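**Student:** One letter stands for each residue in the lines below.
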Amino acid sequence: MASEWKQAGLEFGTDPYCDWSLGPGRDFLLGHDEPDPWFTTLLRRGTDPDTGDVVTTARLKSAFNAAGSGTPGKDPVAYISAYFDRLRGKSRLPAYITAIVSAKFFKLLAERPDLQGLVPAAVLGLPAGFRTPFPAPRSPSPTGPCKVVVGVIDDGLAIAHERFRHADGTTRIAYAWAQDGPVPASGAPAGFGREYDKAAIDQLLLQCTHGGLVDEDAFYRIAGLADFGQAGHKGVAGRSSHGTHVMDLAAGYDPRDGEGAERAIVCVQLPSAITADTSGARLDPYVHLAMNYILDRADWIARQQGSGPLPVVINFSYGTVAGPHDGTSELEAAIDEFVQIHTGRPQPVSVVLPSGNSHLSRCHAQLAYDTTSMVDAEAATSDLEWRVLPDDRTSSFVEIWLPYAPPPVGASRVELQIAPPGSPTHPTSPWIGEEPGQGVVWERDGQVVCKAVYTFDPDPNPTGRGRFVVAIRPTVYLGAPKRLAPSGVWRIRIRNISLGSGEIVHAWVQRDDTPHGYPTRGRQAFFDHASYERFDTGGFELETDSPACIVKRAGLINAIATGEKPAVIGGYLRKEAVVSKYSAGGPTTPVRDAPAPWRTGPDAVAVGDDSLVHWGVLAAGTRSGSTVALTGTSVAAPQVTRWIADRFVAGDSGDRTAVAGKATQDEAGRSTPAPPVARGGAGRLDLPPGRALPRFWP
Amino acid sequence: MTRYSRLFNMSRPSLAVFENQLEYLNQYAALRSDRAEEILFQINGAMDFFFPIIGVHPERAKWTVELISAAQRMAFITEMRFKQALACRRPDEYSPQVQPMIQTPAHGSLPSGHATECFTVAMVLIRLMKAAAAGSGGGVLAQMPLLGQQIMRQAARIAINRTVAGVHFPVDSVAGAVLGLTLGSYLADRCEGKPGYRSWRFIGPAFPGDADFDWQTLYDVEKDTFKPVDYTHQPDDRLFGGDTQSPLLAEFWNKALSEWS
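Order-wise, the sequence lines are chains A and B. First residue of the first sequence: 303, per the working numbering; consecutive thereafter. First residue of the second sequence: 20, per the working numbering; consecutive thereafter.
This is chain A alone, in the form it adopts within the complex:
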């Protein structure tokens, strides 16, 4: 059996995840059946040298398509929405846009530095059809005299649920966009998925009402959201779903409650393949489109009721683990830009994110070269033991981030070497240095099962940090036999060459577990370390770090929640009034040249569990009348979204400062010690229960 390491560089795009997913990881990508499909992508636009402004969509498209002409295959760029160009901020066009492109686009991007100037970053989405962006709504969606629009981006949204209805039985959902599922003949908001406006939902509710009772199974079957004749995950088919629970906490009301009538809902269901693949590297274009869609539709609602712009609060209860953790990942920057563009709006726009549930996941390690106890003093090397589980059907990734500063020319500050499980039977890789776009692959019988590359973003506006990404294939595959990655400990050896005192190397394992309600695919890999203590002498899980151990709990905050603008919410136990053990926190890293990071951790914590024994909080199951318990920072965040909506109705502010202010105020009234800032932010929010009914006698 041939088994060898070879030198290799990026073949597709500038992002190692994209390179892997279109290259060696291609067969394991959900929905990869088509030979040369279109893909959604989130692009960061660079500057047009001719105008000095951000390059226009038209110029970008023509430049790529001109470069791609003459070679076989589809055009590089199928569609870029001019919608984003109309969002011009005070002076510049928004950098972030969503586009529909082919694999050739990424190929050209990897090869052509001039095109990299136009598009410094491109995040790969999923295979998709292509058509138009969101058009004007086909029918007006009058919701009544609403005062705020609550946007929810999630999975498994039960849009027929009575918690989202008016007293007369019609829906409070003005618009819902399911980003996957059957595309109706009349078109879809962005060339994929299906839009349901209020009129369509009301019509379906009526059609499915028998004996005065809505047949919700029939509703979801006819709507195409749970049709068992169709393939794909059916989030609303089970008794509980993440999105319904979250949306109830954010915007669910008893239909007779007049407060509900004032809150219109615009919701977006992400493609289930995006949710199923929790490494999350490909959700960026969908979330970016979803946020723009929610705001666009909110403006339509305002126009419809002749009220002028409405305040909008968007809840996005998703998380990933690996990233720069300084707010500069593409999705974080896109969310910040989105909020920034609309800051001048007469009414505010807020985004709420969870701080993540990975505190005890062992997915973070940090290497500091000023403490000899962590380093082999002689060789200045340290080993990351990346434990990859058997029966993992998805690719696994580790990101290793270096301190700010471009890599030295022709030299490296650190070098990296990979020893797969089973060494020495399996060969160890050569040392990989800081050569942008370059790295190594491990080939078994001609198939690449592992690839490690170094990248550095040369854009003037980027993270400014070098990064190694190590990607490996799944450890099991049920299709035709393929060479896979062995499970066990992958040893990533890091050798310090020129990093000095205080310069820290961070490593994160990317999220790769299986989300609520999905069949098991991913299994979470983690960093093993001999001195990592999981339990105290009483058998309780330890929540604090030992300075001697390179594997850390600190800094596992949701990797898409370290940006400047969103309100980020952790979880605490209502009864015990302590931070939930899973609730992740900072510290985060300052942005380049900034004196302090944008946040130390979450802005505040809300209830993630009613008590130690009462797991989770109660909110809607998928069917009207049902109540289920779900746990996590995912359910803490929407309680804050609800509070912000209330503030907006009252004409008050609802940004992260307001949330922190409320937490500070609530904390002052408490008798137990405040949680540490890195995990608790400004403190424990005391929010009105809403649907978060406590299950114990106080």
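Treat the hints with caution; some may be incorrect.
Claimed, not checked - Derived contacts from chain A toward chain B, CB cut-off under 8 Å, selection only:
1. L508
2. H512
3. D517
4. A520
5. G526
6. F530
7. G531
8. A539
9. G540
10. A670
11. R825
Please keep in mind that the hints were generated in silico from the structure rather than gathered at the bench. Computed from a prediction, not measured in an experiment: that's the story for all the values here. Glycine included, C-beta positions come from ideal geometry on N, C-alpha and C.
Here the structure of chain A is known, so what remains is to put chain B in place on it, guided by the hints.
**Tutor:** Okay, now just chain B, sitting in the frame of chain A:
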């Protein structure tokens, strides 16, 4: 001499229909973890799942429970004749990848016994409660239109659970539901002496192979009418007339009815 009339006629769908329906087995399997407890409990019948809806307890309503049991026995005996005659293969005989979560019964697949029995009982219960509501009317009976939906939806859920479990095709539930609704109304007619019932059928070859089981397309519980669907009736199906009341069943029925006053 007793003259027998044909009450129900059933024919077998084509092999292609069953093969087509395997996709449903694949998709419905996603609900296995969600429905596991119900499915395990319902292996040997599911009448206990109706009692919480109507508030019936054997110690307080023994005749109602006995009537339900009689209806179930009648359904069981009938469905087994059809299963034996039609000899349709179970899903796991088409593909080992169905891997049912419970043991597949040894008898044939179509019609589904769970569907037949549940819809027979559901129909009898609804008819009994309508009769009771016409009398005194209190308690749950006041909620009759809603209650009818609830009972029918419970029957449907039990039938669908068998597809989730991997032991039935949706078309088995369709055939079972049509048969069960017919048997239920026949039994209630014989009890009440209601003149005239319609002969009904399940025409397997006419069933669209890619269709799921949806009882609402077969029966309107509010209006108590069978909906004419291509594969359940033909224009020459007859309406039987005459005095069909069975004195024995009438006695039985009235005893059950008296428990609801």
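**Student:** Decide, hint by hint, whether the structure agrees.
**Tutor:** Taking the hints in turn, this is what the structure says about them:
no. : hint : in the structure
1   : L508 : violated (14 Å)
2   : H512 : holds (6 Å)
3   : D517 : holds (6 Å)
4   : A520 : holds (6 Å)
5   : G526 : violated (13 Å)
6   : F530 : holds (4 Å)
7   : G531 : holds (6 Å)
8   : A539 : holds (6 Å)
9   : G540 : holds (5 Å)
10  : A670 : violated (44 Å)
11  : R825 : violated (17 Å)
The structure is inconsistent with the numbered hints 1, 5, 10 and 11, although it conforms to all the rest.
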